[in-house]
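**Q** Sequence:
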Amino acid sequence: MVDTEVLSRTDPRALDVVTPLGGVRFAVRLGGWAVPARPELTWGLPSGARLCRWRSESARLDVLSGRTASGPSGVTRDAVLFRVLAREDVGEFVVEAELAGAPAGAGVWESAFSAETADAVVSVGGPGAELLRRYSRAGQHVPPYWSRLLGGDAVERTGGRLAWRLPRVARGDYADLWVAVAWSEPDRHPGTWPAVDLDPARVQRELTQ
Numbered sequence: 000m001v002d003t004e005v006l007s008r009t010d011p012r013a014l015d016v017v018t019p020l021g022g023v024r025f026a027v028r029l030g031g032w033a034v035p036a037r038p039e040l041t042w043g044l045p046s047g048a049r050l051c052r053w054r055s056e057s058a059r060l061d062v063l064s065g066r067t068a069s070g071p072s073g074v075t076r077d078a079v080l081f082r083v084l085a086r087e088d089v090g091e092f093v094v095e096a097e098l099a100g101a102p103a104g105a106g107v108w109e110s111a112f113s114a115e116t117a118d119a120v121v122s123v124g125g126p127g128a129e130l131l132r133r134y135s136r137a138g139q140h141v142p143p144y145w146s147r148l149l150g151g152d153a154v155e156r157t158g159g160r161l162a163w164r165l166p167r168v169a170r171g172d173y174a175d176l177w178v179a180v181a182w183s184e185p186d187r188h189p190g191t192w193p194a195v196d197l198d199p200a201r202v203q204r205e206l207t208q
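With numbering that gives the first Met the number 0 applied, the sequence shown closes on residue 208, and no number is skipped along the way.
Keep in mind the hints are simulated off the structure, nothing from the lab. Just to be clear, a hint being listed does not mean it is correct.
As the list claims (entries may be wrong) - Cβ-Cβ distance ranges computed for the label pairs, FRET-style:
| no. | residue 1 | residue 2 | range |
| --- | --- | --- | --- |
| 1 | LEU6 | ARG147 | 36 to 44 Å |
| 2 | GLY158 | ARG12 | 23 to 31 Å |
| 3 | ASP118 | ARG59 | 38 to 46 Å |
| 4 | THR116 | GLY90 | 18 to 26 Å |
| 5 | ALA117 | VAL17 | 16 to 24 Å |
| 6 | GLY171 | GLY73 | 41 to 49 Å |
| 7 | LEU148 | GLU109 | 17 to 25 Å |
| 8 | SER7 | ALA117 | 37 to 45 Å |
| 9 | GLY171 | THR116 | 44 to 52 Å |
| 10 | LEU148 | SER7 | 35 to 43 Å |
| 11 | PRO71 | GLY171 | 33 to 41 Å |
| 12 | GLN139 | PRO19 | 30 to 38 Å |
Here a beta-carbon is modelled for each residue, glycine too, at the ideal position from N, C-alpha and C.
Please build the complete structure, drawing on both the sequences and the hints.
**A** What follows is the structure, encoded as C-alpha cells:
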C-alpha cells in the first residue's frame, strides 16, 4: 500500500471507528488464523491515516484507515481498507464489522446498514458480491478466480453487523476489502448512504498522499 520506510512508527491499538452511536469494531480471520485485535506494527501517515500490520507464517494483513475528505457535504466518513498478501494458500478471508449497541430496527441492505437515533445517523458498508465479481473479472483488487467462487451469500447482514465471507487467496496473490463508516446529523440530504459507496483506489490515494 505504501513504503513504510518513510513513515513514523506509532503505538499499536485495536481497529475501531468511534461514531456518535458507539464504536464500530472489526474482526478478521484468514483461514485458520484469527487475527489479534491489536496489530503487530503501526505507522502514522501525513494525511492523519494509519497503517496497521499483522504477520503470520501464511499471510500478511495490512489495514489502512483514516478520515476522508471526499465524502458528501455534512457527512463524516472513515475508510478502512484491508489487504491480504498470501505467503501460503489462505483458506478464506473473513472480515466482520459491528456497530456495538446499534439501535434496534437498523436498516439493512445487501452489504450495508444504517442506524439512526434522534441525534445522529450512522451507516456502515462495503462492496457486495457482484461488485467484487466485477473487480475480479477486471483484474483489480481481488484475484481473478474469485469471479467464479463468490456466491450471492458472501455478505451476511444482521442488524448492526456485517460479515464478508470471501474465498481463498492462493499463494503469492493478494485481495482487498474496504469498509466505510459514515455519520451525520439526522435528516440531512443526501445523508450517509452515498458515503459508504467507496472508490477504493481513490480513497487509498487520498489517505497515502
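**Q** Taking the hints in turn, state whether each one holds.
**A** The hints, checked one at a time:
For LEU6 and ARG147, the Cβ-Cβ distance of about 38 Å falls inside the hinted range of 36 to 44 Å, so the restraint holds. Taking 23 to 31 Å as the suggested C-beta distance range, the pair GLY158 and ARG12 conforms, at roughly 26 Å. In this structure, ASP118 and ARG59 meet the distance hint of 38 to 46 Å, their C-beta atoms being roughly 40 Å apart. For THR116 and GLY90, the Cβ-Cβ distance of about 39 Å falls outside the hinted range of 18 to 26 Å, so the restraint is violated.
Distance hint for ALA117 and VAL17: a CB-CB separation of about 19 Å, consistent with the stated range 16 to 24 Å. Under the hint 41 to 49 Å, the C-beta atoms of GLY171 and GLY73, about 44 Å apart, fit the expected range. Checking the proposed 17 to 25 Å range against LEU148 and GLU109 shows it holds: the Cβ atoms sit about 18 Å from each other. Hint check: SER7 to ALA117, Cβ distance near 41 Å, so the stated range 37 to 45 Å holds.
Roughly 46 Å separates the CB atoms of GLY171 and THR116, a value that falls within the hinted 44 to 52 Å. In this structure the hint that LEU148 and SER7 lie 35 to 43 Å apart at CB holds, the actual value being about 39 Å. Checked against the hint of 33 to 41 Å, the C-beta distance between PRO71 and GLY171 comes to roughly 39 Å, which is consistent with it. A C-beta distance of roughly 34 Å is found between GLN139 and PRO19, which places it inside the suggested range of 30 to 38 Å.
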